[in-house]
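Model the full structure from these sequences, guided by the hints.
Count the sequence shown with our numbering and you get residues 269 to 1020, in order.
No wet-lab data here; the hints were simulated from the structure.
On a predicted model such as this, the values are computed, not experimentally measured, just so you know.
We put the CB at the ideal spot given by N, CA and C, even for glycine.
Just to be clear, a hint being listed does not mean it is correct.
Claimed, not checked - Straight-line alpha carbon distances no greater than 25 Å define the calculated DSS-like cross-link-like pairs of lysine-lysine that follow:
id: 1; residue 1: Lys667; residue 2: Lys645
id: 2; residue 1: Lys627; residue 2: Lys645
id: 3; residue 1: Lys423; residue 2: Lys1009
id: 4; residue 1: Lys939; residue 2: Lys1009
To be verified - Computed beta-carbon distance windows for the label pairs:
id: 5; residue 1: Val710; residue 2: Phe768; range: 17 to 25 Å
id: 6; residue 1: Leu393; residue 2: Gly872; range: 21 to 29 Å
id: 7; residue 1: Tyr347; residue 2: His1012; range: 19 to 27 Å
id: 8; residue 1: Ala307; residue 2: Val772; range: 49 to 57 Å
id: 9; residue 1: Leu448; residue 2: Pro528; range: 17 to 25 Å
id: 10; residue 1: Leu766; residue 2: Glu308; range: 41 to 49 Å
id: 11; residue 1: Leu442; residue 2: Leu575; range: 44 to 52 Å
id: 12; residue 1: Val856; residue 2: Met716; range: 38 to 46 Å
id: 13; residue 1: Tyr705; residue 2: Leu393; range: 55 to 63 Å
id: 14; residue 1: Leu754; residue 2: Tyr347; range: 42 to 50 Å
id: 15; residue 1: Val723; residue 2: Val779; range: 44 to 52 Å
id: 16; residue 1: Asn921; residue 2: Gly392; range: 23 to 31 Å
id: 17; residue 1: Ser330; residue 2: Gly872; range: 54 to 62 Å
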Amino acid sequence: MADPRAESEPLLSRARGGSGRDCPAGSPACRGVPVGPGAEARRALRFDQAVVFIEDAIQYRSIHHRVDASSLRLYRWYYSDVCQWVLSLTIFLILSLAFIETPSSLTSTSDVRYRSAPWDPPCGLTEGVEVLCLLVFVADVTVKSYLVGWAEFWKNLWLLAYLLVLVVSLLDWLVSLSLLCQEPLRIRRLLRPFFLMQNSSMMKKTLKCVRRSLPEMASVLLLLALHLCVFTMFGMLLFTREKQDDGQDRERLTYFRNLPQALTSLLVLLTTANNPDVMIPAYSKNRAYAIFFIVFTLIGSLFLMNLLTAIIYNQFRGYLMKSLQTSLLRRRLGTRAAYEVLSSLTAEEEAHPQRVGVKPQDFLQVLQKVQLDSSHKQAIVEEVRSYGDDVLSADEFQKFFHEFDRRVIKEPPPQPEYRSPFLRSAQFLFGHRYFDYLGNLVALGNLMSICAFLVKDADVLPADRDDFVLGILNCVFILYYLLEMLLKVFALGLWGYLFFPSNVFDGLLTVVLLVLEISTLAVYRFPHPGWRPETLGLLSLWDMARLVNMLIVFRFLRVIPSMKLMAVVASTILDLIKNMRAFGGILVVVYYVFAIIGISLFRGVVVAPGNSSLAPANSSAPCGSFEQLEYWANNFDDFAAALITLWNVMVVNNWQVFLDAYRRYAGPWSKVYFVLWWLVSSVIWVSLFLALILENFLHKWDRRSHLQSLAGAPEVPYQMTVELLFRDDLEEPTEEELVEKLRHHPHLRLGR
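The following block contains the structure:
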């Protein structure tokens, strides 16, 4: 165990403009300084601290952790790729247990009419895997608690919640074993998504934004509830049973029989899922009744629902910017802490420093130990070397790390050099972009030929088709793709060819097509009139070759960058995919929790027809009902089936069918579950996703317009992240703010 006094060593104890020389041995300022070869030990410790602070800045981590030598080694080990991979794998395993443990999802179908008995794992099998995962989490929270210090641990609500969840999970696990895995409810299954949330800082920020946006969302939801109630009462009064009009009577009996049914009908109409069905009975008798439904839809769906989306977007953007402001402060604080540590080393080594700062050679030595991708590291090294031997000021030191906010554009490897003029001409020809255009035209002809034969053979029985011409064309196209790949390798070189992702995709696709084509010719021989490869199993080799051949359509994605508007849209989609981990994680959490709750509430309530009086046969079921539509696979009998059922309700198409069926099978209170799921998934999460799309697209569009307004300004490709998305709106922290934060570091003393 390291000397605890080392944590309070005055690493930054030099006064502004002071010499900062080593203090006399035994003085209070020197307490905790390593003994032995003192200067070398202090230098190594300063370097290790600077390395960790820079890595904290890169990853937007807090620097408020222990900084003694042993703690720094533990800290870097904890955040190593191996440890983080083990932790991620553990989270994946414990979440995946829901598919295996009782009720198991290991059946070919979830349809209650055809489903076989699911596998019931023996007691202790999944529980053994689960306790191993929990022990990993115990070690995780223990290491985190030690690194931040126990004083900081009790202030960190996430760590306290982490500890509480682990205690409850372990106690619930013991209860399961004591009851031989026959307990009716496992509380720990609901708590498992917490392990995913606490491991993602971006998910924490998103949850914080949602929580702070709830008051504004609640005001609009209250208006929606008032809107529903008012129009429900109007509907109940409008379609009364005293009037004997056929249209009114049908409307009342079908949609306005009682208050709960009327409220449900209008709630579904709010999502337009039952439009115009709910209006037709009354409208068919008198067109004036359409006014009621149109006004309801205009106010609810087009005004209030979109207002809710606008509020979520506005609040999400505001609160997310505040969270990202904190992330920016962490990055600047980490780099400033590294600067202060290294500059204090400079002050100690020089008796009369002419300028306070960091020696470039010290910074380069630290940078070699930092876990950073080679492209960014090389760019920073080149900039540092350009300063020569002059010490680096705080501003200069900070500017180096602006490279983190940019994507370094890699240069392709040099092309092969040929002596022959003929080979050089061929290299120029096959390396030109027009050769790519020719390949795209050939790929277009390939697709058109496939589509033409699909249309031609649409009405021909499979046994009567003649694939002779298509087989010959397929051979010709594959040979061209092979020749194109070889010629590009000749022109660009192997590494130059593999440098471009589009070439890698084309080459991989060509190799797969070539293997399938050779296999097809070996099995079915060369195409001839009347040639029709018969299907062996699910697909023949010929069918597989045609399916893979359709992937050639992705070659046309390379033309997108030349089309400005399409390039903005495409880059927005790609950036969304890259940055959807936090939002996807939130969706995983809500799906997981609602699926577990659904299993607890509705497991076994949907039974096959003939086994219960509640499930009529298909022939006697009303049109449009759960039974008539044969929605038997939509149930909560296992975790996988619950996920698919929740997805179908989230899409809200025909979700009134689920409301009606589970009302009959499980009781009227089941509607509360489905309405809550609709609010969380279709309203809140989809609105958050829409907010991210709008911010990403508008940011790129504004940036594109700005670049176009600059005469001759080249547009530099860059990679958008959630942090970069709001970077222009964030404020750089001041030097006073950074110094003040460092003064309050729990394990450092800034003696200024």
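Hint by hint, here is what the structure shows:
Taking the CA atoms of Lys667 and Lys645, the gap is about 14 Å. The hint holds against a cut of 25 Å. At roughly 17 Å between alpha-carbon atoms, Lys627 and Lys645 fall within 25 Å of each other, so this suggested pair holds. Between the alpha carbons of Lys423 and Lys1009 the distance comes to roughly 17 Å, so the proposed pair stays at or under 25 Å and holds. At most 25 Å may separate the alpha-carbon atoms for a hinted pair to count; Lys939 and Lys1009 exceed this at roughly 51 Å.
Range check, Val710 to Phe768: about 18 Å between beta-carbon atoms, so the 17 to 25 Å window is met. In this structure the hint that Leu393 and Gly872 lie 21 to 29 Å apart at CB holds, the actual value being about 23 Å. The hinted window of 19 to 27 Å between Tyr347 and His1012 holds, with their beta carbons roughly 23 Å apart. Checked against the given bound of 49 to 57 Å, the beta carbons of Ala307 and Val772, roughly 51 Å apart, stay inside it.
Restraint check, Leu448 to Pro528: a C-beta distance of roughly 41 Å breaks the suggested window 17 to 25 Å. Distance hint for Leu766 and Glu308: a CB-CB separation of about 45 Å, consistent with the stated range 41 to 49 Å. About 49 Å separates the C-beta atoms of Leu442 and Leu575, a value consistent with the hinted range of 44 to 52 Å. Judged by the Cβ atoms, the range 38 to 46 Å given for Val856 and Met716 holds: they are separated by roughly 41 Å.
At roughly 59 Å, the beta carbons of Tyr705 and Leu393 sit within the given window of 55 to 63 Å. Against the hinted window of 42 to 50 Å, the Cβ-Cβ separation of Leu754 and Tyr347 comes to about 45 Å, which satisfies the hint. The hint said 44 to 52 Å for the Cβ distance between Val723 and Val779, and at roughly 30 Å that hint is violated. Asn921 and Gly392 have their C-beta atoms about 43 Å apart, which leaves the hinted 23 to 31 Å range violated.
Between Ser330 and Gly872 the beta carbon distance is about 48 Å. The supplied range of 54 to 62 Å is therefore violated.
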